Each structure stands twice: as structure tokens, then as C-alpha cells.
Amino acid sequence: MWRYILRRLLMLIPVLIGISIFVFLLMYFTPGDPALLMLGEGAPPEQYAALRESMGLDDPVYVQYFRWLGNAVRGDLGRSLRSKKLVTTEILDRLPATTQLAVAAVTFAVVVGVPVGILSASKPNSWFDNIAMVGALTGVGMPVFWQGIMLILIFSVHLHWFPSSGRMGGLEYLVLPTITLGTASTASIARLTRSAMLEVLQQDYIRTARSKGLPRRTVVFRHALRNALIPVVTMIGLQFGGLMSGAVLTESIFAWPGIGRMIVDAINNKDFPLVQGTIMTFALIYALVNLIIDVTYAFLDPRLRLVYE
Amino acid sequence: MRRAWLVVLLVFVVAFSSAAMASAETLIVAQGADPVTLDPHGQNDQPSARVRVQIYETLVNHGYDLDIVPGLAKSWEQIDEVTWEFKLQEGVRFHNGDLFTAADVKYSFDRIKELPSPAAFLIDEVSEVVVVDPYTVQIVLKQPFAPILAHLAHPSNAIVNRRSVEEAGDAYGTQVAVGTGPFEFVEWVAGSHVELKRNENYWGEKAKVETLIIRGIPENTVRAIELETGGVDIAYNIAPIDELRLTGTPGLILDKYETLSTSYIGFNVAKEPFNNPLVRQAINYALDVDAVVDYIYSGQAIPVTGPLPPLVWASKTDLPGYDFDPEKAKQLLAEAGYPNGFKTSIWTNDNPLRMQIAEMFQADLAEIGVDVEVLIVPWATYLEDTAAGKHDMFILGWVTVTADPDYGLWALFHSSQFGNAGNRSFYANPRVDELLELGRSEADPEKRAAIYAEAQALIVEDAPWAFLIATSEVNGLRDNIEGFVPHPAGHHKLSTVVKK
Numbered sequence: 059m060w061r062y063i064l065r066r067l068l069m070l071i072p073v074l075i076g077i078s079i080f081v082f083l084l085m086y087f088t089p090g091d092p093a094l095l096m097l098g099e100g101a102p103p104e105q106y107a108a109l110r111e112s113m114g115l116d117d118p119v120y121v122q123y124f125r126w127l128g129n130a131v132r133g134d135l136g137r138s139l140r141s142k143k144l145v146t147t148e149i150l151d152r153l154p155a156t157t158q159l160a161v162a163a164v165t166f167a168v169v170v171g172v173p174v175g176i177l178s179a180s181k182p183n184s185w186f187d188n189i190a191m192v193g194a195l196t197g198v199g200m201p202v203f204w205q206g207i208m209l210i211l212i213f214s215v216h217l218h219w220f221p222s223s224g225r226m227g228g229l230e231y232l233v234l235p236t237i238t239l240g241t242a243s244t245a246s247i248a249r250l251t252r253s254a255m256l257e258v259l260q261q262d263y264i265r266t267a268r269s270k271g272l273p274r275r276t277v278v279f280r281h282a283l284r285n286a287l288i289p290v291v292t293m294i295g296l297q298f299g300g301l302m303s304g305a306v307l308t309e310s311i312f313a314w315p316g317i318g319r320m321i322v323d324a325i326n327n328k329d330f331p332l333v334q335g336t337i338m339t340f341a342l343i344y345a346l347v348n349l350i351i352d353v354t355y356a357f358l359d360p361r362l363r364l365v366y367e
Numbered sequence: 376m377r378r379a380w381l382v383v384l385l386v387f388v389v390a391f392s393s394a395a396m397a398s399a400e401t402l403i404v405a406q407g408a409d410p411v412t413l414d415p416h417g418q419n420d421q422p423s424a425r426v427r428v429q430i431y432e433t434l435v436n437h438g439y440d441l442d443i444v445p446g447l448a449k450s451w452e453q454i455d456e457v458t459w460e461f462k463l464q465e466g467v468r469f470h471n472g473d474l475f476t477a478a479d480v481k482y483s484f485d486r487i488k489e490l491p492s493p494a495a496f497l498i499d500e501v502s503e504v505v506v507v508d509p510y511t512v513q514i515v516l517k518q519p520f521a522p523i524l525a526h527l528a529h530p531s532n533a534i535v536n537r538r539s540v541e542e543a544g545d546a547y548g549t550q551v552a553v554g555t556g557p558f559e560f561v562e563w564v565a566g567s568h569v570e571l572k573r574n575e576n577y578w579g580e581k582a583k584v585e586t587l588i589i590r591g592i593p594e595n596t597v598r599a600i601e602l603e604t605g606g607v608d609i610a611y612n613i614a615p616i617d618e619l620r621l622t623g624t625p626g627l628i629l630d631k632y633e634t635l636s637t638s639y640i641g642f643n644v645a646k647e648p649f650n651n652p653l654v655r656q657a658i659n660y661a662l663d664v665d666a667v668v669d670y671i672y673s674g675q676a677i678p679v680t681g682p683l684p685p686l687v688w689a690s691k692t693d694l695p696g697y698d699f700d701p702e703k704a705k706q707l708l709a710e711a712g713y714p715n716g717f718k719t720s721i722w723t724n725d726n727p728l729r730m731q732i733a734e735m736f737q738a739d740l741a742e743i744g745v746d747v748e749v750l751i752v753p754w755a756t757y758l759e760d761t762a763a764g765k766h767d768m769f770i771l772g773w774v775t776v777t778a779d780p781d782y783g784l785w786a787l788f789h790s791s792q793f794g795n796a797g798n799r800s801f802y803a804n805p806r807v808d809e810l811l812e813l814g815r816s817e818a819d820p821e822k823r824a825a826i827y828a829e830a831q832a833l834i835v836e837d838a839p840w841a842f843l844i845a846t847s848e849v850n851g852l853r854d855n856i857e858g859f860v861p862h863p864a865g866h867h868k869l870s871t872v873v874k875k
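Chains as they are written, first to last, in my numbering: chain A, 59 to 367; chain B, 376 to 875.
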């Protein structure tokens, strides 16, 4: 098991290098000049030339890349071109807010999505199932932006229950962004749980369990759920990775001080080091979450433990 | 089971319902973006400046009617053509306790040039700063430069404290910011807010509120809603659509003020057919600018007839300009040799207001037979390619931050400023060049006004631009807020604001 984890961790290295080259080239070939953006209009040409030189923008692209890589392996991701802050500081400043939001959204999605899926599957085509699945379709299809503004209008403007934006204090600031970010995942998880459960509930061993006279609850939770959860866990992992990096819209609507808003600004300003560093962080998180998910399978399904040995 | 859920739900609602009502001693202000750095010699962006003007001070200031008033300098005189002497306020202390002296002035200006600060061009004409005695400093220019005081009033020329800057090193501007202003820096929570507190030892009139929190809320609608729900006390830049919605809401005041910003359409006069002034004039006549003001800006703008916004002191607002007159436009086009119009393009970045302007003018120009393609270009490329002259027509804005006509005309119309420096229409008129040079070296304001009047008249006649609008902005305030005076440059000072 440990060897498996170690091997997976080592495989991360070429993946990260590949991603870094890709992102570097992408930023390099996107039109727009960071020095020009920093200076804005009306700056004299000498100053512009001096700035380009000091930023190393006149060097060939491979020189720029290897300079970046050389520093990165020593833990130095450079400085933001605009704020002059260390990229690691910028990321660490913002990561807690994004992590908090993503964890809250996934928790929300699991706590709501899994029970809804189970209930739907245990009474397929009942009124509950129909309402839940139409709701899930709506949840997947609803634009985040619209949903966020609607939640603000209802719960902030009219009911005064929750603040409309920011992260200025307690958990009350977390509620609306969590629902906004978590809705689509909730819907996906509910639908997947339902279909996985339906499939498992038709297996022979479930019929056996029922015919033994086991209570319905025991059959559903002890026998069926555990097997149905494997695809759901995969989905949760993917969702979490996506929520970490995909919270851009939600963070913008709710002025949430997370990493998603930061990277959008960084891309607009062609703040290379910051974009590069942030995407590497996303890639790392995504890879680690996937690894954790794979390891979780072993606990859900003892047969898989053998595969890892 | 069911009861347990109900209890959980109740606890949840009670615990989380927003009870965080700010006290009368805490003023919360929202703007559209986060600051980039609180080092005044770092980035030159509006969101940063809006925080920095509370912390730092400059030698002189722009008063609310944009005349030059004392700041850290209590008086000044011009000793000869290129030397200005400033007498400094005595007994002023930085937030770290250090006494403010002439050495700080010299250190700050040297630092701006050495870094260089992105706003270093503002003091390009300064050759050196000489410390005469602890409370007297001379600024020596390379050549006579009349607008120097207006340039010194720019927030990017703020005076910093050497010890703080050097001790903080890389943390300066993000974790440390030390000035002499009415508010002291407390903390900056990245992406969320900056917290400042009243400087109890301020040399002038002390700030009215104890704590000032400045938040960045990028979504216009959400910023307006925060104001509506009382989450913030003041919200800057209420968008036209939110202004319509909030008008008449009890408890709110919407405060419109004129700014130093203009929007214009530039023609690439180096290219056919825009090298013909008749064509440029024709397009000026063809555009229905009033419709833009009414339908796109919902009144948050005024039409202008010349290149300068009316608030700039030498702005000539009585120029005849170009009325909306499609017939006259057609006639001029025919005279220019394009009786059936021509095909061309207009560039804009993805700014929604500009895109709408482009589409409206596309329709206006179709009326006189000019077939315009609207091209939406990303900002970075936009600046680069218009500087290189790849465009036909483009929409852009300019903020005359120093409120001096030199700043509003030099970079945009002098032939030495082609491309990135600001003259993206590649306009050159030897007489205009001459006038703009005279205008920056002439000390007498009356003579300057006459010089700039002639220059503006020539520019309007040559029409390298279609002159459009000067924009207004709307700030939203809760009705318990008093003493807020908007500054035309947008960086409002908040020490006078009272929260009842």
C-alpha cells in the first residue's frame, strides 16, 4: 500500500513538469505585454524598456522557463509582477478561503446529495423520486451567476438572514457561497447515487438479503450502499478538485477572498509568475485529491486492497 | 428524529443570521476592486490610490474645486524658472513616531525615480531635490514646467518614511505602510479588506471615525446590494442599472459627481480614409452622442465638444463642436470623395459600456453609408496594437488625473507621443505641438489659458477624435453618513466622514 502511494507521488513529478511547460508556453504566446500593462498608458519608452529588461522579458522563452523552473524546485515561485509579493505568500493568503469554501460545498453536496439519491433509488418513480430528479436537473443546469444573485436577493435583501458578500467574520458569510457553489455538485451526486443504488439493488445478493427477512433499512444501508458508494466517491473527489479551481464565479459574486478571483485578475494582468504558481498549486491539489480517492476505495472494497499490494 | 432536524435548523439560522452590525465608530466603504499595493511608489491604480490617500500625504493637494492647496508643504514659491522652494509643516510625525523633515521628501522623490515607480513619468521633469534645511526643500526642474504643482499633488508622489521602507523590505506595501495621514494602517486581509485606524497624533484635523474598513467587491450589483442591506456605509461606482434600481430606496443617498475622465473615439489619421479631415469631421457629425448619454450611461455622463473634460481648469467648453447632423455628415463625405461611404472597423476592449457605444455608432454610421465592423480585442492586445497603429478607429478613455490641461493634451496630441505614450491617433499638427510646448513652460495661468484655448480649437477643427463624453460617477451612501465630499479624481478622502 505504501509503495503504491509512493509510486503515485513520484509520478506527480513528470505530470507537474508537463503542466508547467504547457502553462508557460500558453502564457508566453497569449498576446499582451505585461510590462505595458504594468505601466499603463502614457509612460515614456525608456521606462518601458527598462522595465522589460528588469523583468527578464527580453530573454528567449526557454531561458525564462528554466530560470523559473530552477527557482521553483527550490520552493521559490517568484514574485507577483504587480504586487511584488511572493507568489507563495499570495497563494497561501488566499488558499484558506478557497479550501474552506470548497470543503463546505462538498460537505453540503454529500450531506444533501447522497441521502436524496438513496431515497430516490429506494422508491424509484415515487413522487419524491420525481421531484428530486427534476430538482437535480435544474440544479445542474442553473447558471451559478443567476443562482448566486437570487440567493442574495432572497436571503440578504428580503429576509436579512445572511450577509450578501465578503468573509468579514463568522460562518454566516459562508452559507450563501456554499449553497451556490455546492448546488451543481449536489445535483450530480444525487443523480449518481440514485443510479448506482438502483443497479446494486437489483443484484442477487440483495435479493438474498431481502429473502432472509432482513429489515429494509439494513438491506439498503449495510448491503447496498457500501457497494454503490464507489462511483460516488470518485465523483466526490473529482467534484472537490473542480470546486477548488472552479470557484471563480462564486468567489466573484460573493467577493470571497479566494484563489479563483486572484487567478482571474492575474490572467488579465498577464502576471506570469502568479498564474504559473497558482495553476501548479491547482494541479497539485487535483492530483493529491485523486490519490486520496484511490486510497479510499481500498477501505470501501477490500477486494481492491489486493490490487494495491 | 424529525424534531432533532428542526432544532438543528433553528440553531443554524439563529447562529448564522447576520447580526454583525457595524458600530458608529467603524466606517465600511466598498470599491470595485482590491488594492494592488499600499506602497505609493508601487502600482499606479485607482483601487490602491483610494486606500493610500487615507494613509499618506503629498506636498500639495488638489482641493475639492481642484485648485492647489497646502499639504505637507505649508507654502511655496518659484525662485527662478526651474527652481521651486517649499516650506514644510513642522511637528508632523509619521505613524511610526518619526518626525517628518525635508530628508523624507528627498528620499521619497529619489525612490520614485530609482525604483522606478510606474508613476515616475509624473516627475520626469524634476532633475533633483535639494534639502536646504530640515523644513525647507527645493525641487529643481530640467526645464520650466508649469504644471509641476499639479503633478506633485498626485497620490503617487506621496511622502514615505525611509526607516519603515527599509526595515520592512519586501513586506512594505502589503504588511507595512507608514505615512503621515489621518489614518494608520492596521491590516490587509488579501482579497477581502484593508483595515485602518484613526491617527490620534495627526497634525491636522483628526479623522471622525475610529476605524475605516475598505472592501473590494468586484460585482457591481453585489456592491449595490451590500449598500442596500447596510453591509457597507458607502459604495463607490454605482453602475447605471443599479442606480435606476436603488433610486428612491429609503435610507440611501445616491451622490453623482463629475470626474476628470473622458471617453473618445480615436481615428488612425495615418491611414486612409482618416487622413482626410473631412472624413473625420463627417463622422463627428454622424454620431448621436446624446443617445449614448441617455441609453448607455443613463445620465452618468455629459457630452463634450472638445478634448478636455469640463473640470480641467483651462477646458474650453464653449467650442462649437459637432452637433448630431447626418445630412451634414453625408455632404462632407461626398466632398471628401466618398459619396457612397466606405468600409472600416472600430476597436473596443471588452468593457461592456464601450461595446455598447461601438454598436450604437455602428448603426449611426450605417445611416451615412459607412459600413463599420466592431472588433472586440482583449485589453493587453488592444493597448499593444493601437500603439502600433494597426487600427482604423478605436474607443478609449483618458483621465486627466492632474486636472491640468497639459496632462490632458500633451500625451494625446503632441507628435512626439505617438503610440504607447498616448497619441494613438498619430495626430500631428506643428502649430498644436508648438502651443503644447509653450503651455507647459509658460508660468502665467492667464497666458496658459489662452494658449490652451487656441490648441483646443485647432484640435477640434482637425478632429483626430470623435469627441464624446465626460463621465460622471455615482457613489451610494447610507443616510446616516455625513461629511462625505467626492473628489473628481475618484480618490475620496474619508477623514471628514461622520457616521451618525
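No lab work stands behind these hints, which were simulated from the structure alone.
None of these values were measured; they are calculated from a predicted model.
Please note that a few of the clues may not be correct.
Partial list, derived from the structure: chain A residues whose beta carbon lies under 7 angstroms from chain B [stated by the list, open to error]:
id	residue
1	Gly90
2	Ser222
3	Ala313
Here are the simulated lysine-lysine pairs, DSS-like style, with alpha carbons at most 25 angstroms apart [to be verified]:
id	chain 1	residue 1	chain 2	residue 2
4	A	Lys142	B	Lys481
5	B	Lys646	B	Lys765
6	B	Lys449	B	Lys581
7	A	Lys142	B	Lys581
8	B	Lys765	B	Lys581
9	B	Lys765	B	Lys718
The beta-carbon is built from N, C-alpha and C at its ideal position, and this holds for glycine as well.
Cross-check of the supplied hints:
1. Gly90: Where the cut-off is 7 angstroms and the nearest Cβ of chain B is about 2 angstroms from A/Gly90, the hint holds.
2. Ser222: holds (5 angstroms)
3. Ala313: holds (4 angstroms)
4. A/Lys142 <-> B/Lys481: Holds, because 24 angstroms separates the two Cα atoms, which is no more than 25 angstroms.
5. B/Lys646 <-> B/Lys765: Holds. B/Lys646 to B/Lys765 sits at ~9 angstroms (cutoff 25 angstroms).
6. B/Lys449 <-> B/Lys581: Holds, at about 18 angstroms.
7. A/Lys142 <-> B/Lys581: violated (32 angstroms)
8. B/Lys765 <-> B/Lys581: violated (52 angstroms)
9. B/Lys765 <-> B/Lys718: Holds - the C-alpha atoms of B/Lys718 and B/Lys765 are around 16 angstroms apart, at most 25 angstroms.
Comparing the model with each numbered hint stated earlier shows that hints 7 and 8 do not hold.
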